[in-house]
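> Let the hints inform the model, and build the full structure from the sequences given.
2 protein chains.
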Amino acid sequence: MLNREPNKQDLLETYKRIRSYVHHTPIFSSRLINLMMECRIYFKCENFQKVGAFKFRGAAAAVLSIDRQTLMKGVATHSSGNHAAALSYAAGMKGAPAYIVMPRTAPQIKKDAVKEYRGRIIECEPTLQAREETLEEVIKETGATFIHPYDNYSVIAGQSSAAKEVFEEITDLDYMIAPVGGGGLLSGTCLSAKYFSPNTKVIGAEPKGADDAYKSIRDGVIRPSVNPKTICDGLLTQLSEKTFSIIQSNVHKIITVEEDSIIKAMRIIWERMKIIVEPSAATALAVVLENKKRFARKRIGIILSGGNVDLEKLPWVL
Amino acid sequence: MLNREPNKQDLLETYKRIRSYVHHTPIFSSRLINLMMECRIYFKCENFQKVGAFKFRGAAAAVLSIDRQTLMKGVATHSSGNHAAALSYAAGMKGAPAYIVMPRTAPQIKKDAVKEYRGRIIECEPTLQAREETLEEVIKETGATFIHPYDNYSVIAGQSSAAKEVFEEITDLDYMIAPVGGGGLLSGTCLSAKYFSPNTKVIGAEPKGADDAYKSIRDGVIRPSVNPKTICDGLLTQLSEKTFSIIQSNVHKIITVEEDSIIKAMRIIWERMKIIVEPSAATALAVVLENKKRFARKRIGIILSGGNVDLEKLPWVL
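For the protein sequence lines, the chains are E and X, in the order given.
The numbering used here numbers the first residue of the first sequence as 149 and each following residue consecutively.
The numbering used here numbers the first residue of the second sequence as 149 and each following residue consecutively.
Keep in mind that the hints were calculated from the coordinates and are not lab data.
Note that the structure is predicted; figures quoted are calculated from it, not measured.
One should not assume that every hint holds.
Each pair may be met inside one copy or between any two copies, as identical chains are not told apart.
[Claimed, not checked] Computed list of lysine to aspartate or glutamate pairs in DMTMM-like fashion (alpha-carbon distance at most 20 Å, straight line):
1) Lys288 x Asp215
2) Lys349 x Asp320
3) Lys356 x Glu406
4) Lys441 x Asp408
5) Lys263 x Glu419
6) Lys259 x Glu419
7) Lys412 x Asp260
8) Lys412 x Asp458
9) Lys461 x Glu419
Here it is, written out as structure tokens:
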């Protein structure tokens, strides 16, 4: 696994390693959305990525960077969202076990997703302490490698590949916007821009109700995510040392958006593009929606981070 | 406009004429759906077509087959669904007016769709007689050309292009399945298979609650659609002379499916492929779902006819 901030060569090598495993997702445009927003938007459809989210890129990069003997002992994590499913799938494709520590109170839908990709769930009490202790135990017993969902340079290098594919296909982008939760996608996107499209400004999109990344960059120190309030269940976490450092040095701006704008943006994407994206993915378009003047006539890349959403409960249905 | 059943040359010329106007929509596959269905399915995503449905292909083919002077007088129709929006858009892109006769009781959402594409709505009383009389008046007054939503050889030739694009990209398909309402898409698909992939068997997918096409083919005579009961609002109409004749001579089978299977198939497509399709589009997958043995290990093309669905009312939410 990478033990330093990925440089250009690291990104290229990571991409070479994962490219036959990840979906080269399509880039969509919508004439009507462009008219509505008065700019030109290129949507990178990571909702079509394996397991339905960009997270598979990072998980694959991490798994493929581990030597075979070590890998066969397994990988482990304590995430319960898309990263858990992604890591299970990535490990499985190399025949390695993935140990997923989850609070026993986690929703059945999340457990099922992990099981579907053959992850091995280890349940624990629903406290942070129990999670960490259980994870430590699992690692001690199995010799599995811990793969943090974002505080991991190989994972970050993997996430960078989504933006890299955009830069290869679409030139002269003025802006690239990605949502920010723990910062894996945003830091990877920053590195991709730095090395492959230095004139493109990278913007992080964050819900106002979970604006710890915005505050962290403003204050120059990692601010914790305290009682975040947003429908973006993928953006509740806070920056880590590795992601904060990369984002701080490379991001143009972090822009926060209202919940209403996120729901509106999500609905525009569903209605106009006929694709399913989760609320987190819609934050990037919400940034354009709330700042139309700033982005007028610009060429903008947007990473639609994922499409895993509960189809029973759509946010616009009361 | 074509005044005979389109032959191979007609299909090729129609395609040449419309290809720069229509979206060459992508073909999607899903590893999980293939596993689930135990066959190999290629989904042609006409939900991504302009106006969100394959109907744009036929409308464009009709509009582009009219000489300029006549076209400038306009086109007219009495459909109020996807065809109305498609015709409005197709006429608009050549600078011609589209007159859409609609019952004044039509849902606002349908009126808005037509207005968005600059169609001119002429309201009438909500009876078949009023619709036909009003359409006749409009045509008399304006000199507009009537474009039937499917009983029109140019329209049928246009619809054939969706399957043609599949056959160009995916070879050796055992089956091609398309939903059948009025039969425009199915008859076009039959002609495409006949001329471009003669070993592919074409199957029409129809809701059991609106099985007039099934009965028409069984009985060898057009059966009317009487009180159809289905959530597939795109499949309520009955075959016309032109579509019936083509389908009768070329279709392998029409297979009817239960409403439950349609809803289940629709949800599978949404959840697994992260794309939005309307219930009509899901009938084709419902056919595979209900007949897994027949289709086991086969290579199957499916035309996802459209993605215009009311996002406030999802059929699986009670």
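> Compare the structure with the hints numbered earlier in the document and write down the numbers of the violated ones, lowest to highest.
Every hint satisfied by this model.
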